[in-house]
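Chains A, B and C, in that order, give the protein sequences. The working numbering numbers the first residue of the first sequence as 1 and each following residue consecutively. The working numbering numbers the first residue of the second sequence as 368 and each following residue consecutively. The working numbering numbers the first residue of the third sequence as 739 and each following residue consecutively.
Calculated from the structure, these hints are not laboratory results. Hints should not be assumed to be uniformly reliable.
[Stated by the list, open to error] Some chain B residues near chain C, calculated using beta-carbon distances under 10 Å: (1) Ser557; (2) Asp705; (3) Val717.
[To be verified] According to the in silico footprint, chain A covers these stretches of chain C (three or more CB under 8 Å from chain A): (4) 750 to 758; (5) 911 to 922; (6) 953 to 967.
[Unchecked claim] Within a straight-line C-alpha distance of at most 25 Å, the following computed PhoX-like cross-link-like pairs (lysine-lysine) qualify: (7) C/Lys850 / A/Lys159; (8) A/Lys309 / A/Lys320; (9) B/Lys423 / A/Lys65; (10) B/Lys423 / A/Lys59; (11) A/Lys59 / C/Lys850; (12) A/Lys65 / A/Lys111; (13) C/Lys875 / A/Lys159; (14) A/Lys156 / C/Lys875; (15) B/Lys423 / C/Lys850; (16) A/Lys269 / A/Lys279; (17) A/Lys158 / A/Lys320; (18) C/Lys875 / A/Lys158; (19) C/Lys1004 / A/Lys334; (20) A/Lys295 / A/Lys309; (21) A/Lys112 / A/Lys279; (22) A/Lys115 / A/Lys59; (23) A/Lys65 / C/Lys850; (24) A/Lys334 / A/Lys159; (25) A/Lys60 / B/Lys423; (26) A/Lys159 / A/Lys254; (27) C/Lys850 / A/Lys60; (28) A/Lys254 / C/Lys875; (29) A/Lys327 / A/Lys315; (30) A/Lys334 / A/Lys158; (31) A/Lys331 / C/Lys1004.
Treat the numbers as computed from the prediction; the structure is a model and nothing was measured. Using N, Cα and C, we set each Cβ at its ideal position, and we do this for glycine too.
Read off the chains here:
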Amino acid sequence: MLSRRSLLSGAAAGGAALTLGGGLRPAQAATLTIGFIYVGPKDDYGYNQAHAEAAAMLKKMPGVKIVEEEKVPETDDVEKTMESMIQLDGASLLFPTSFGYFDPYMLRTAKKYKKVQFRHCGGLWTDKDPMNTGSYFGYIGMGMYLNGIAAGYASKSKKLGFVAAKPIPQVLLNINSFTLGARSVNPGITTQVIFTGDWSMPVKEAEATNSLADQGVDVVTMHVDGPKVVVETAERRGMYVCGYHANQAALAPKGYLTGAEWNWITVYKMFLADAQGGKALPNFVRGGLAEGFVKMSPYGPAVSAEARKHIDAIKAEMMKGGFAVIKGPLKDNKGALVVPAGTAYPETAIQLESMNYLTEGVLGSIS
Amino acid sequence: MSATANSKATAAPAAVAGAVDRSYPARRTLEAVAAPLAALLLATAAFALFLLALGKSPADFFDLVWQGAFGSWFSLQNTLQRAAPLLLTALCVAIPAQLGLVIIGGEGAFVLGGLAAAVAALPLDGVWPPLVQLVMAAAGIAAGGAWIALTGLLRARRGVNETVASLVLAYIGIALFNHLVEGPLRDPSSLNKPSTWGIGDANMLGPLPGTDLHPGLLVGVIACLLCWLLIYRTATGFAARVTGGNLRAAQLQGLPVGRLIIAACALGGAFAGLGGMIEVAAVHGRANASLIAGYGYAGILIAFLARHNPLAIIPMAVLLGGIGAAGGLLQRRLGLPDATVVVLQGFIFVAILASETLYGRIAWFQPRGGR
Amino acid sequence: MGALETVTVAMVAGALRVSTPFLFVSLGECLTERSGRINLGNEGVLVLGAMVAYATSYHTGNPWLGVVAGAIAGALLGAVHGGVCSLARVNDVAMGIAIMLAGTGIAFFFGKPYVQPVAPQLPRLPLGFWASAPPVKSALSVSPLFFIGLAAAFAMHWFFRATRMGLRVRIVGDSADAARALGLSIDRIRLFATAAGSALAGIGGAFLSLSYPGSWNEGLSSGQGLMAVALVVFARWNPLNCVIAALIFGAAGALGPSLQTVGVTKGYYLFYAAPYVVTLVILAATVRPGRALRGMPGELSIGR
Chain A
1 MLSRRSLLSG
11 AAAGGAALTL
21 GGGLRPAQAA
31 TLTIGFIYVG
41 PKDDYGYNQA
51 HAEAAAMLKK
61 MPGVKIVEEE
71 KVPETDDVEK
81 TMESMIQLDG
91 ASLLFPTSFG
101 YFDPYMLRTA
111 KKYKKVQFRH
121 CGGLWTDKDP
131 MNTGSYFGYI
141 GMGMYLNGIA
151 AGYASKSKKL
161 GFVAAKPIPQ
171 VLLNINSFTL
181 GARSVNPGIT
191 TQVIFTGDWS
201 MPVKEAEATN
211 SLADQGVDVV
221 TMHVDGPKVV
231 VETAERRGMY
241 VCGYHANQAA
251 LAPKGYLTGA
261 EWNWITVYKM
271 FLADAQGGKA
281 LPNFVRGGLA
291 EGFVKMSPYG
301 PAVSAEARKH
311 IDAIKAEMMK
321 GGFAVIKGPL
331 KDNKGALVVP
341 AGTAYPETAI
351 QLESMNYLTE
361 GVLGSIS
Chain B
368 MSATANSKAT
378 AAPAAVAGAV
388 DRSYPARRTL
398 EAVAAPLAAL
408 LLATAAFALF
418 LLALGKSPAD
428 FFDLVWQGAF
438 GSWFSLQNTL
448 QRAAPLLLTA
458 LCVAIPAQLG
468 LVIIGGEGAF
478 VLGGLAAAVA
488 ALPLDGVWPP
498 LVQLVMAAAG
508 IAAGGAWIAL
518 TGLLRARRGV
528 NETVASLVLA
538 YIGIALFNHL
548 VEGPLRDPSS
558 LNKPSTWGIG
568 DANMLGPLPG
578 TDLHPGLLVG
588 VIACLLCWLL
598 IYRTATGFAA
608 RVTGGNLRAA
618 QLQGLPVGRL
628 IIAACALGGA
638 FAGLGGMIEV
648 AAVHGRANAS
658 LIAGYGYAGI
668 LIAFLARHNP
678 LAIIPMAVLL
688 GGIGAAGGLL
698 QRRLGLPDAT
708 VVVLQGFIFV
718 AILASETLYG
728 RIAWFQPRGG
738 R
Chain C
739 MGALETVTVA
749 MVAGALRVST
759 PFLFVSLGEC
769 LTERSGRINL
779 GNEGVLVLGA
789 MVAYATSYHT
799 GNPWLGVVAG
809 AIAGALLGAV
819 HGGVCSLARV
829 NDVAMGIAIM
839 LAGTGIAFFF
849 GKPYVQPVAP
859 QLPRLPLGFW
869 ASAPPVKSAL
879 SVSPLFFIGL
889 AAAFAMHWFF
899 RATRMGLRVR
909 IVGDSADAAR
919 ALGLSIDRIR
929 LFATAAGSAL
939 AGIGGAFLSL
949 SYPGSWNEGL
959 SSGQGLMAVA
969 LVVFARWNPL
979 NCVIAALIFG
989 AAGALGPSLQ
999 TVGVTKGYYL
1009 FYAAPYVVTL
1019 VILAATVRPG
1029 RALRGMPGEL
1039 SIGR
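Okay, chain A solo, but in the shape it has when bound (with noise of 0.2 Å):
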């Protein structure tokens, strides 16, 4: 598809959609179409807004064209979805942004379309997938580490929360990541995890939040696709919280400490780039603070000079490359040796990616 886009490229842009022979294909032969498909709301203050915040900014460029789909289900909706916007849109390149929606979904949408392209947000690529398939996300690990300092720092009973969806694996390298960066700071402080079944839960999610407070935590953090119930649930219970997906400080100005957010805009540009460019788009993409996949949100005030000082000085380790939060000797919450002593995940090792533990120190089971 974009190759003969590009070779089309100098036709009059009215009717080159006909000689195409698709039909409905949109007219210009020089935009790109590129669909976005979202499992939530788009303005869920959390995964699917840092998504369509990025899309949002893509619209704005040259030559593109935007189209966008939300509240699709996992189910083969999503399969009619990805097939109407190439049908129907003529999109040339797709992000179906859930996990969900990988395997089967997208890889059989894909076989079909062949000269489509797809890209997945958070999925495994392997080279024994389409060619014209792949997978992109980032180290957002690091991020929730730094929040795990700033917790370390803020928290005065030594006691933090984590209300999470499920125990799967890019959540639980959340939770360990959170529970050692804090115990870097202090190897006495525990992270007391509630996992509320769903990604979307608001009452259970306060439920949780309020039953945290009611043990004594004093900090929060969470890992479900819309943290503002968390967040301002914790601001009223006089916490402190640590953001996720997406900048949440305006919801929490006491207790807001920082927060861990995706910046998709780098990877989309970065696809875009390769597509307009005419070069072949990378099937397996990763990247982490350094390659501004991810970033922190600014420090609230609660935040000492002590920590700041703390958490610049690993964020520019970090930055370096080759930082492992995950190394040995670590064991996990039952006592049993998960890592063995002088190995080293760094935030690159295909390893992190299925996770099946919690970390000494953290308080819960995978059940």
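We have chain A already, so just place chains B and C on it with the hints.
Structure of chains B and C alone, referenced to chain A:
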């Protein structure tokens, strides 16, 4: 229950008047088509006003609905595919409704049916795929049937209200499903999306020849036809309708009311469970949270729109599927939020349900002569 | 604090926090059902009430105006349900589901711009001022809406028992024939009861967005409106029992998260289902086969 009262009221005069007024059955069918169509028109007109008030062009809107839902072979397939699971979940409501029961817990039977089917395929590695699929279907049917039969049992033996029991059991069923899929039955290699082990590519149901549609559509249509025959052409169906029309009369006639209730619930649940099995075998390849997509709840609405007539379920499911299929295009082309189609659905369903009141009001459709 | 104590405090706190929307919706549903009509649409009413209340509070800066607006929005949607259902042959169960769709659709459609902004919240009464333990203090920081809900339950109880209007609602609900013989306007009374019931459900929604969890987004309601139908059966159509049902339901809902904090971490999905299991067990244990439910209005379509 007015729906069951209807079937009784229309059935009786037909028998009396049929001999004299030969065109009455045709007119009655026409009435059943004309009323909802008029309602559909009214609802779209009202929705057009809604759009105008928001400064959007209704013409563009309906043009896109047509394009997205029916305007091309691709769009039509999109619509039909979305309708497929709804045919079976609507039967889960329509069959017990013949007895006057309001079952709203099909979602639980659907997901548990899917789970049972996925699990049933696991030990059958390397077995002839059609046999595996049959075993999966049997497992789905059994699980779904048992789940709704539990509601029927509570109703028949303990007198627990079936609407409430089925709703509560749906929540419990979904919790059980989540617990099993993310706990004991989880494939440890299903990393970020907890799932059961896959059923294997060989055991997947392929598309219907010449289309992208999975066989669920065909199964659903056949199921609707069979149910129509069962309800309107068999003694059991007649007994069920008598019971639905008048419980006391049925008991006086010596009809096994309790057993009928449990059987109707089991049959309805079996269809929902079969729907779950097809989702697993044709779409997902394993059981996971993707099964909890609200098909069970959508089925309730379709059954009521179809006035619990299995044949009418087909067009109503297509209508709902079409609106869903068009929804994406509306978001993309008009920049309308996804909730727009929910509003449209609300308008249409309120109007169609309200159009029930037109039945029997227009003289031309009514039986003539006789008496 | 010991584990048992922690869970107990959490459940009491949960009962006080989580029960209020259940209380309002079930009271509203109770009123509507006592008039002989069921309204499954209260789920949509709840969501619409939450959105309208949040938006109003945001624009006016007064959360109490938000509560009033939520109630009015609820009453309007309820009036649509009541009005359409008064047409002959229209099925109220199905119409309720259509109203549920329409209500959530309208709420999501117009609610998009209000997900980001923060609206002023309802105040809370610090009834735990005497306590030194922060969990107790926090548990006893109760929304005034909870007490308004309690008052509404007693008022409705008195309304049914002691007022002419209440008697009329009951007659219409128990026997349309008797009501007709007395010359009561069945449709008008049911319309009133449905609109008023939905106004209460709208206040339940306002509690969700303006008190707890105190935020507007599309996932706000997790079926509280639907469960109201179950709670009313549970409560035997008695407003005072609705209070007990809502409290039990709220407490059971707090069980899941608090058990995790004291180390019971396995099978949380099953704990989250506790409220539903409790409902089912109580229903199965208390009804008698072969007999209509005690207290059930005779005209109710789901009651045969």
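Quick rundown of the hints versus the structure:
1. Ser557: Constraint on B/Ser557 not satisfied, violated at 17 Å.
2. Asp705: Constraint on B/Asp705 satisfied, holds at 8 Å.
3. Val717: holds, 5 Å
4. 750 to 758: Holds: 4 residues of the segment 750 to 758 of chain C have a Cβ under 8 Å from chain A.
5. 911 to 922: Result for this restraint: violated, n = 0.
6. 953 to 967: holds (count 6)
7. C/Lys850 / A/Lys159: It is violated: about 36 Å lies between the C-alpha atoms, which goes past 25 Å.
8. A/Lys309 / A/Lys320: Distance ~17 Å between A/Lys309 and A/Lys320 Cα, so the pair holds.
9. B/Lys423 / A/Lys65: Satisfied, since the Cα-Cα distance of roughly 21 Å is no more than 25 Å.
10. B/Lys423 / A/Lys59: Cα-Cα ~22 Å, so holds.
11. A/Lys59 / C/Lys850: holds, 20 Å
12. A/Lys65 / A/Lys111: holds, 24 Å
13. C/Lys875 / A/Lys159: holds, 19 Å
14. A/Lys156 / C/Lys875: Distance ~19 Å between A/Lys156 and C/Lys875 Cα, so the pair holds.
15. B/Lys423 / C/Lys850: The hint holds at about 17 Å.
16. A/Lys269 / A/Lys279: Distance ~14 Å between A/Lys269 and A/Lys279 Cα, so the pair holds.
17. A/Lys158 / A/Lys320: With Cα atoms ~30 Å apart, A/Lys158 and A/Lys320 exceed 25 Å; violated.
18. C/Lys875 / A/Lys158: The hint holds at about 21 Å.
19. C/Lys1004 / A/Lys334: Cα-Cα ~14 Å, so holds.
20. A/Lys295 / A/Lys309: holds, 17 Å
21. A/Lys112 / A/Lys279: Answer holds: A/Lys112 to A/Lys279 is near 22 Å, not above 25 Å.
22. A/Lys115 / A/Lys59: Since the Cα atoms of A/Lys115 and A/Lys59 sit roughly 22 Å apart, the hinted pair holds (cutoff 25 Å).
23. A/Lys65 / C/Lys850: holds, 23 Å
24. A/Lys334 / A/Lys159: holds, 19 Å
25. A/Lys60 / B/Lys423: holds, 23 Å
26. A/Lys159 / A/Lys254: Distance of about 19 Å is within 25 Å: holds.
27. C/Lys850 / A/Lys60: Satisfied, since the Cα-Cα distance of roughly 22 Å is no more than 25 Å.
28. A/Lys254 / C/Lys875: holds, 21 Å
29. A/Lys327 / A/Lys315: Measuring from Cα to Cα gives roughly 17 Å; hence the hint holds.
30. A/Lys334 / A/Lys158: holds, 20 Å
31. A/Lys331 / C/Lys1004: Holds: A/Lys331 and C/Lys1004 sit about 21 Å apart, inside 25 Å.
Of the numbered hints stated above, those contradicted by the structure are hints 1, 5, 7 and 17, listed in ascending order.
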